[in-house]
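S.K.: What follows is the residue order along each chain.
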Amino acid sequence: MQQLQITTSQHTELQDITAKIQSSIPDDYTGSLLIYTPHTTVAIMVNEGADPAVQGDIIAMLEHLVPWKYETFQHAEGNSAAHIKAMLVGNDQMLIVNQGRLQLGTWEKIFFCEFDGPRTRKIWVQLHQS
Amino acid sequence: MQQLQITTSQHTELQDITAKIQSSIPDDYTGSLLIYTPHTTVAIMVNEGADPAVQGDIIAMLEHLVPWKYETFQHAEGNSAAHIKAMLVGNDQMLIVNQGRLQLGTWEKIFFCEFDGPRTRKIWVQLHQS
Amino acid sequence: MQQLQITTSQHTELQDITAKIQSSIPDDYTGSLLIYTPHTTVAIMVNEGADPAVQGDIIAMLEHLVPWKYETFQHAEGNSAAHIKAMLVGNDQMLIVNQGRLQLGTWEKIFFCEFDGPRTRKIWVQLHQS
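Here the protein sequences come in this chain order: A, B and C.
Following our numbering, the numbering of the first sequence begins with 1 at its first residue and continues without gaps.
Following our numbering, the numbering of the second sequence begins with 1 at its first residue and continues without gaps.
Following our numbering, the numbering of the third sequence begins with 1 at its first residue and continues without gaps.
Source of the hints: derived by calculation from the structure; they are not laboratory data.
A couple of the hints might just be wrong.
[Said to hold, decoys possible] Computed list of lysine-lysine pairs in PhoX-like fashion (alpha-carbon distance at most 20 Å, straight line): (1) K122/B - K109/A; (2) K109/A - K20/A; (3) K20/B - K122/B; (4) K20/B - K109/B; (5) K122/A - K109/C; (6) K122/C - K20/C; (7) K109/C - K122/C; (8) K109/B - K122/C.
[Unchecked claim] Sample of chain C residues lacking proximity to chain B, with all beta carbon distances greater than 10 Å (derived): (9) T30; (10) T37; (11) M45; (12) A76; (13) L102.
Just so it is clear, CB atoms sit at the ideal spot from N, CA and C, and this is done for glycine as well.
Could you put the whole structure together from the sequences, leaning on the hints where they help?
M.R.: Take a look at the structure:
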């Protein structure tokens, strides 16, 4: 398992980590890869990376669905919305690797989703045998 | 890794791919299986397959939560709702295989979720060692 | 693959299963672990376990997003909301294991999410080679 560090710069941010993940994979490795983030207010997502407007629309819709301030929230730290967004998107992602290359679709990029930043965050990357 | 092809016939559709996935598994294989789809407006889901009304209710609620037209969407292609539904459901699914048979619950079926069809789509299936 | 049994006591409940999962792992095992639940109205989640208010806020927001009674639901059994919540949270979870210990973040716990209880439920745990 490798640990990578991510620095986010905004409260809510989708950061393209595809190159960082790709560079963690040994040449000629074939199998699969687990990305896992050990924080409870962030997530890992694979989605379109071509048009940045998609990322903006995702952030806006998640905020619409799970507003930062919601009348019944009880958690004293005040960031329940971030926990809920993290749950909906998920903190683990499996990917396929062939001869050292991530196998992604034409428009796919891997995003680190920060929902309560800015902070320094960790992701764990583990190679799996297929 | 095997590549399977899916043809969807509606704009939004949950297609039962259980038999297709099962037939891609070698006899006597024991371990696990990753299903991954390399598109950004579709997803893979395991849920009830007995009553088709469940699938209709899922489609209706996703459309209610993430309407196709939403006032702030900026993505010029106009399909941000499909990207967001794909993110909420997820593009990867792990399953357990025992002696060549998918291990599913009584009511479980595997569904390919099309959110911006109809189109021809791909799914990738990879066997993992347990 | 090991099968564990979970007994839920409420209709909707997030039950901390971290200790149960940890105790299913052999000493000195290093690799990863798949948790899979074969039911269609429950889910597996990793999120904050320190403040129980987070779990209450998650349950309340999921109920707000996907109300138990929704005008267009057709499924005769009446539990479509539980199927939809299960889909949004997901029925599989990958975790990393190092020398017999689950690798979790500081605040992370593993939760079994019951959305249509109380019932006796199963989870399957499978070790994977990394």
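S.K.: Give a verdict on every hint.
M.R.: Hints, one by one, checked against the model:
Our distance criterion of 20 Å between C-alpha atoms is met by K122/B and K109/A, whose separation comes to about 17 Å. Restraint check for K109/A and K20/A: the C-alpha separation of about 11 Å stays at or below 20 Å, so the hint holds. A distance of roughly 12 Å separates the Cα atoms of K20/B and K122/B; the hinted pair therefore holds under the 20 Å criterion. The straight-line distance between the Cα atoms of K20/B and K109/B is roughly 11 Å, inside the 20 Å bound, and the hint therefore holds.
Of the supplied pair hints, the one linking K122/A and K109/C holds, its CA atoms being roughly 17 Å apart against a limit of 20 Å. Proposed proximity of K122/C and K20/C is supported: the alpha carbons are some 12 Å apart, at most 20 Å. Annotation: proposed proximity of K109/C to K122/C holds, straight-line Cα distance about 18 Å (limit 20 Å). A C-alpha spacing of about 17 Å is found between K109/B and K122/C, which places the hinted pair at or below 20 Å, so the restraint holds.
Listed as a non-interface residue, T30/C keeps its Cβ farther than 10 Å from every Cβ of chain B; the least gap is roughly 14 Å. Against the 10 Å criterion, T37/C falls within the reach of chain B, whose nearest CB is about 8 Å from its own CB. No Cβ of chain B approaches the Cβ of M45/C within 10 Å, the least distance being about 13 Å, so the stated non-interface status holds. Annotated as non-interface, A76/C brings its C-beta within 10 Å of a C-beta of chain B; the closest such distance is 7 Å.
Against the 10 Å criterion, L102/C stays outside the reach of chain B, whose nearest CB is about 17 Å from its own CB.
In summary, the structure is inconsistent with hints 10, 12 from the numbered list given earlier, while agreeing with the others.
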